[in-house]
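Residue numbers (UniProt numbering), protein chains in the order written: chain A, 1 to 349; chain B, 1 to 347.
Some hints could be false.
[As the list claims (entries may be wrong)] With the C-beta cut set under 7 Å, the calculated list includes, among others, these residues of chain B facing chain A:
{"#": "1", "residue": "Met230"}
{"#": "2", "residue": "Gly231"}
{"#": "3", "residue": "Leu232"}
{"#": "4", "residue": "Ala234"}
{"#": "5", "residue": "Thr273"}
[Said to hold, decoys possible] No more than 20 Å apart at the CA atoms, straight line, and that leaves these computed lysine to aspartate or glutamate pairs for DMTMM-like:
{"#": "6", "chain 1": "A", "residue 1": "Lys159", "chain 2": "B", "residue 2": "Asp293"}
{"#": "7", "chain 1": "A", "residue 1": "Lys260", "chain 2": "B", "residue 2": "Asp293"}
{"#": "8", "chain 1": "A", "residue 1": "Lys260", "chain 2": "A", "residue 2": "Glu206"}
{"#": "9", "chain 1": "A", "residue 1": "Lys260", "chain 2": "B", "residue 2": "Asp238"}
Source of the hints: derived by calculation from the structure; they are not laboratory data.
Quick reminder that beta carbons are idealized off the backbone N, C-alpha and C, glycines included.
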Amino acid sequence: MTTGNGTGRPLLEVRNLVQEFVVRAHGGVRGGVVHAVSDVSFEVRAGETLGVVGETGSGKSTMVRSVLQAPPPKSGEVWFQGVDLATARRRRDLVAARRQMQAVFQDPYGSLDPKWTVFSIVEEPLAAYRTGDRRQRRARVEEVLDLVGLDPSVFGDRKPGQLSGGQCQRVAIARALTLAPALIVCDEAVSSLDVLSQAQVLNLFERLRTELGLSYLFIAHDLALVKQVSDRVAVMYLGTLCEVGPAEELYRNPLHPYTKALLDSIPSPDPERPRPRVPDELAGEPPSPLDPPSGCRFRTRCPRAADICAAEAPPVRAARPDHTVACHFPLSPVAPVSPARHGGDGAAD
Amino acid sequence: MTTQIQPDAAARTGDPDAPLLTIENLEVTFRTRDAPVHAVRGVDLTVYAGQTLAVIGESGSGKTVTSRAVMGLLPRTASVRGSIRLGDRQMVGLGEKELRKCLGREVGMIFQDPARSLNPTMRIGSQLTEAIRVHLPLDRRQARERAVELLAMVRLPAPARRFHEYPHQLSGGMRQRVMIAIALACQPRLLIADEATTALDVTTQAQIMDLLLDLQQRFAMGLVLISHDMGLAASYADQVAVMYAGRVVERAPTREMIAHVRMPYTRALLDATPRLERPPHAPLPVISGRPPDLRALDPGCAFAPRCSRVRERCRQERPELAEHQPRHEWACFFPCADDTIPGEDER
Ligand SMILES: Nc1ncnc2c1ncn2[C@@H]1O[C@H](COP(=O)(O)OP(=O)(O)OP(=O)(O)O)[C@@H](O)[C@H]1O
Ligand SMILES: Nc1ncnc2c1ncn2[C@@H]1O[C@H](COP(=O)(O)OP(=O)(O)O)[C@@H](O)[C@H]1O
Ligand code: SF4
Ligand code: SF4
Ligand SMILES: [Mg+2]
Ligand SMILES: [Mg+2]
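Hey, can you work out the whole structure from these sequences and the hints?
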């Protein structure tokens with residue numbers, strides 16, 4: 001059903017995405033250019049979930065917003081269903097794409113208008129796109145509320161303030177589903193929920209993926225959670241992608257020193273496992289995106305850094321099938337430099 | 001660097017084996033416009049010097065209300081019954097001023113949202129200096145020195161410079177470090193961290209936890225970690241108490257707890273936690289439903305409506321927390337089988 005298009009191209013293809021913000025100095029705060037996303041390329045294939053992990057400030061949300069064109073990126077291409085959103089001049093193309101790409105954000109209460117009922121919140125996109133008549137819209141709203149596990153007769157008339165965090169998030173998901181999108185972008189969509197609501201919503205995402213053939217771009221800082229839902233995972237650091245690969249393999253056998261550091265920081269419910277260790281290099285804050293390090297952006301915290309890391313940005317290398325890494329000294333031997341794009345057609349072809 | 005901060009906390013305790021904090025049969029009820037909310041319904045907890053106790057439970061289970069009761073930070077609509085003893089001093093019933101005086105030096109608390117607990121219009125340094133001078137008889141210069149020292153102790157990068165910055169100029173992790181510095185200003189014997197790392201990413205969380213445990217060892221502090229994350233509890237706590245609907249439903253030393261979970265609710269929390277060991281797309285085993293309405297509780301086990309092991313007795317009678325095995329307490333009539341004991345299953 002909701003495949004990208006007939007040509008075998010990915011549903012979403014992002015190339016050389018750049019987003020920067022000019023900040024003015026004020027009250028002792030430095031001004032300059034924030035290099036929030038720098039030359040990022042990746043793709044989301046039809047029916048798959050691409051997870052994105054990275055520390056706070058690494059640019060995950062900025063990347064997502066650039067993809068959604070809110071605001072549009074400074075440069076780069078965002079191909080969605082065969083249309084480059086970044087350059088699409090025809091309003092019709094953009095409008096069509098926006099319908100097919102919906103987003104669910106972190107704050108369950110903040111993202112819903114507190115004065116609206118659940119029913120009108122979920123109906124809103126249908127009304128905005130003037131889809132169907134009153135009765136058809138009502139049927140669709142009831143259908144999607146059912147789909148996310150909210151009984152329309154119980155919850156339809158409630159307002160967000162009368163819902164739990166998990167229920168609010170279901171409403172946000174229902175709203176994202178009303179227009180039958182192909183791609184759902186989740187930015188920390190379950191991060192503020194406790195473990196039981198989180199598990200319920202994650203299972204819901206999975207059910208929708210198999211039942212409706214949805215694809216997801218799934219951003220979260222919790223690596224175990226991202227693994228739970230992802231086919232492939234991208235690791236982001238200070239505005240760049242370090243490594244992109246199949247979830248299982250990337251977690252079992254990370255190639256980038258930063259990926260490994262992230263994995264070592266995770267607490268496990270198994271007390272026999274060693275306590276998470278932060279390598280000394282990772283202690284302290286990442287450098288400011290106002291003034292990112294030359295060469296490899298991770299070099300100021302990397303235990304493997306050498307002179308070349310400061311001089312040259314590491315090229316993206318195809319390490320294993322469908323697994324790319326941007327590092328001069330990856331943790332396992334990889335093939336000599338062959339030009340590739342993250343998650344792109346690199347080694348797979 | 002930390003010469004002035006003496007690990008005198010242990011000395012102050014007197015008997016090292018005496019508990020720092022003893023909560024007995026704590027009940028907290030909020031008056032609301034309709035029926036009263038029974039947020040905490042008979043909680044017992046004990047914290048020793050140098051010990052880390054994790055309090056786990058889903059949102060609304062009463063973790064925050066319990067810790068706010070210890071801090072005397074509940075709104076006026078709350079009525080508190082039972083006993084909260086700090087050392088051998090009874091806190092329940094003390095007047096606000098007396099309470100502040102005892103608590104100030106003894107207990108520090110770190111809240112979930114560092115952005116909201118810092119004053120956005122005040123420089124970091126002034127907030128910290130103020131906190132220090134409330135509790136310690138230092139002049140402004142001494143307090144300043146102490147403040148910079150505390151910022152260095154919580155490993156804030158470039159502490160002397162940060163001193164003059166405002167909260168919005170710091171990242172979430174840095175703000176949380178400042179909150180810890182403020183909580184430590186008075187060298188408390190007990191530190192309560194309420195979801196202190198929930199909003200932080202994993203590397204920052206690991207750093208903050210390292211820091212907390214290190215400080216705890218150095219000053220022989222008691223540490224209460226409040227969280228809904230079993231992984232965090234298993235990695236850092238000596239003992240785990242699980243709360244449901246305002247009561248402690250299972251409690252044991254961490255290893256014992258994770259290896260031999262008996263209470264079906266604890267089992268549900270553990271099962272629903274995403275783990276790196278699981279393959280992608282494997283459905284998470286999760287119970288449905290929500291915690292009960294705390295205004296109108298049925299007489300039986302509060303978990304009964306969601307429990308897979310429920311039987312008639314559970315709806316009639318309330319299971320009490322009891323030590324069924326050495327140092328392992330649970331409140332359940334039909335606990336999960338301990339799969340390490342062959343053939344044991346009450347069902
Ligand atoms: N409008 C803006 N103006 C200036 N700087 C910005 C703006 N939006 C984002 N940034 C900066 O860009 C960088 C990336 O921010 P972003 O919100 O994308 O991070 P993130 O990876 O989503 O972090 P988190 O995990 O905390 O959500 C940060 O340094 C941030 O301060
Ligand atoms: N000021 C208040 N008035 C009424 N009910 C409250 C108040 N504060 C907390 N509660 C209720 O007490 C219960 C426990 O809350 P809390 O301790 O914050 O849970 P958590 O375990 O998530 O920290 C919840 O049902 C909550 O709604
Ligand atoms: S390129 Fe160099 S600095 Fe960057 S991650 Fe690899 S080894 Fe470390
Ligand atoms: S007492 Fe009964 S309902 Fe309650 S947890 Fe045990 S088995 Fe379940
Ligand atoms: Mg973000
Ligand atoms: Mg709480």
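In rising order, the numbers of the hints this structure does not comply with: 7, 8, 9
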